[in-house]
Amino acid sequence: MAEQVSVFIENKPGRLNAVTGVLAEARIDIRAMTIADHRDYGVVKLLVSDPGAAQKALVEHGFAAALKPVLAVAIEDRSGGLHELLEILAEHQLNVRDACGFVGEPGRRAVWCMEVADPAEAARLVAARGLPVLGDAELYRS
Amino acid sequence: MNVPVWDPALEFMERETLERLQLTRLRKTLASALQTPFYRCRLAEVGLRHPEDIVNLRDLRNLPYTTKDDLREAFPAGLLAVGLERAVRLHTSSGTTGTPTVIYHTRQDLDRWTELVARCIVATGATAGDVFQNMTGYGLFTGGLGLHYGAERVGMLVIPAGSGNTGRQLQLMKNFRTTVVHATPSYLLHLHDALAEEGIARDRLALRKAFIGAEPHSEQTRRKIEDLFRIDAYNSYGLSEMNGPGVAFECVYKTGLHLWEDAYILEIIDPQTREPLSEGETGEIVMTTLQRQATPLLRYRTRDLSHLLGGHCPCGRTHRRLARIKGRSDDMLIVNGVNVFPSQIEDVLMKVPEVGTNYLIQLDKRGSLDRLAVKVEIRAAPFTGDPDALDALRERIGEALRAAILVKPSVELHEPGSLPVSEGKARRVVDLRPAF
Numbered sequence: 162m163a164e165q166v167s168v169f170i171e172n173k174p175g176r177l178n179a180v181t182g183v184l185a186e187a188r189i190d191i192r193a194m195t196i197a198d199h200r201d202y203g204v205v206k207l208l209v210s211d212p213g214a215a216q217k218a219l220v221e222h223g224f225a226a227a228l229k230p231v232l233a234v235a236i237e238d239r240s241g242g243l244h245e246l247l248e249i250l251a252e253h254q255l256n257v258r259d260a261c262g263f264v265g266e267p268g269r270r271a272v273w274c275m276e277v278a279d280p281a282e283a284a285r286l287v288a289a290r291g292l293p294v295l296g297d298a299e300l301y302r303s
Numbered sequence: 053m054n055v056p057v058w059d060p061a062l063e064f065m066e067r068e069t070l071e072r073l074q075l076t077r078l079r080k081t082l083a084s085a086l087q088t089p090f091y092r093c094r095l096a097e098v099g100l101r102h103p104e105d106i107v108n109l110r111d112l113r114n115l116p117y118t119t120k121d122d123l124r125e126a127f128p129a130g131l132l133a134v135g136l137e138r139a140v141r142l143h144t145s146s147g148t149t150g151t152p153t154v155i156y157h158t159r160q161d162l163d164r165w166t167e168l169v170a171r172c173i174v175a176t177g178a179t180a181g182d183v184f185q186n187m188t189g190y191g192l193f194t195g196g197l198g199l200h201y202g203a204e205r206v207g208m209l210v211i212p213a214g215s216g217n218t219g220r221q222l223q224l225m226k227n228f229r230t231t232v233v234h235a236t237p238s239y240l241l242h243l244h245d246a247l248a249e250e251g252i253a254r255d256r257l258a259l260r261k262a263f264i265g266a267e268p269h270s271e272q273t274r275r276k277i278e279d280l281f282r283i284d285a286y287n288s289y290g291l292s293e294m295n296g297p298g299v300a301f302e303c304v305y306k307t308g309l310h311l312w313e314d315a316y317i318l319e320i321i322d323p324q325t326r327e328p329l330s331e332g333e334t335g336e337i338v339m340t341t342l343q344r345q346a347t348p349l350l351r352y353r354t355r356d357l358s359h360l361l362g363g364h365c366p367c368g369r370t371h372r373r374l375a376r377i378k379g380r381s382d383d384m385l386i387v388n389g390v391n392v393f394p395s396q397i398e399d400v401l402m403k404v405p406e407v408g409t410n411y412l413i414q415l416d417k418r419g420s421l422d423r424l425a426v427k428v429e430i431r432a433a434p435f436t437g438d439p440d441a442l443d444a445l446r447e448r449i450g451e452a453l454r455a456a457i458l459v460k461p462s463v464e465l466h467e468p469g470s471l472p473v474s475e476g477k478a479r480r481v482v483d484l485r486p487a488f
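So the sequences go chain by chain: L and S. Our numbering numbers the first residue of the first sequence as 162 and each following residue consecutively. Our numbering numbers the first residue of the second sequence as 53 and each following residue consecutively.
Possibly wrong hints are sitting among the right ones.
The calculated DSS-like cross-link candidates involving lysine-lysine, where the alpha carbons are at most 30 Å apart (straight line), are [claimed, not checked]:
1) 173(L) <-> 229(L)
2) 261(S) <-> 226(S)
3) 217(L) <-> 276(S)
4) 427(S) <-> 229(L)
Honestly, the hints are just simulated from the structure, not real lab data.
Given only the sequences and the hints, what does the whole structure look like? Please build it.
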């Protein structure tokens, strides 16, 4: 299962680039990123080339950073692609808490990543319907 | 438990004998105070011209108080009771916030101070076999030299490390198998963080005890230090006006601080009404020196707040015990009319595993209302990455603080290491309210 790095930062200038600075120095590539904003602080969520190394580098630089499993699914980059995936989750009453998507190859392949209550169960259901669930390595190659 | 003791005759002295000794020494102190321009004038105002005018210890209550401002006013020599040729050392305040104050010591003063510190050290179970690393400032600050000479007198191997320079402190601790340290509580918490950062395993240290003092701290902070280092930590109380460390200390039972009553007369008063308070009532500590030659002080108002504990300590010492210092009468914060002590806030924060050891209390004003903000650091280890958990944590801390101090502060979460670390006396309060 793919993992996402969550980092606690204060909501003020210079903090986000402190995170990207650490990742640049550790030669870690960022695939996608979202920020959960809570007024005076936020949690930055990152999909990166090496989540374990990224989390370690951030903690070494004094950040509160954690790893969290996410469901990453390869879908076709066409109209209805995402809808097919979300239909599966809805059918099984699986709630999506936070998500982001990015295009791997335009017109061919996209990736949808999300936090769900039971990622292992969600992965099983999605895979059973023929959609590829990605691990860290595949996620990065997408 | 075997009770280690340095001076059994004085430490276990019967109360009655102890009080007779206090009266004899109080008269001697008055005789010497009458040698100073400051007290000659002050005591004449209450009609006291001869030490014999004091008949019993209760007569002390007729004497005037001495305040920090009096010491400033008498600077530099108004309180000096001996010729300068008999004085061998002085400790003076920096004077950064006004006129400095100064305490002079004769050779005998230093010797008696050293004896008091030796008593404190031995009462904790430390022995001549210990290696003692003194992590407080040497020089004008009394903490360093006070403990230094006391530890030498006990026969400990003393490493005069001084304050700060954490890398070197750790190196010294490893190289010489330090078993006892003396530091401020905030510095020990900082030292533990450094230990973890440098990846030094606790087992590589021989540490078994710490003497902590120079800033008020909570029982939770003591326990935290004890748990983190797996040691025993003993509370130390002193102030430069009363020599420095060696005024009161915890013994092996850690049930409050024995104050050496053959050296000081202790009173607790209401800081507003100045009326004496009884056992158990919290008020300002007032002390009279009983064996100081160069700078005798009568009823000195320390501004430290505490209360006297009742009952007897299992160690058998007859000297009464102070509860840990609750704060200073002048660091009490009044927030929208409610009295708040920073130590109450610290108590609450130390019980929250998700936040680190640094915190900041900030006060400002919006319109006519005071606003209290408590800034804490999120610790890296328990962080799960869940933003909702952070909101819940903030709410939980706010509620716990409201229950303790009756004011609900806004709680701000900060990144690890982003709040100022204090290596000396912690500055935890920032008051931005305009002064009237």
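Structure-based check of all given hints:
1. 173(L) <-> 229(L): Within the cut-off at roughly 25 Å; holds.
2. 261(S) <-> 226(S): 15 Å, holds
3. 217(L) <-> 276(S): 26 Å, holds
4. 427(S) <-> 229(L): Judged against 30 Å, a Cα distance of about 27 Å means the pair holds.
Violated hints: none; the structure is consistent with every hint.
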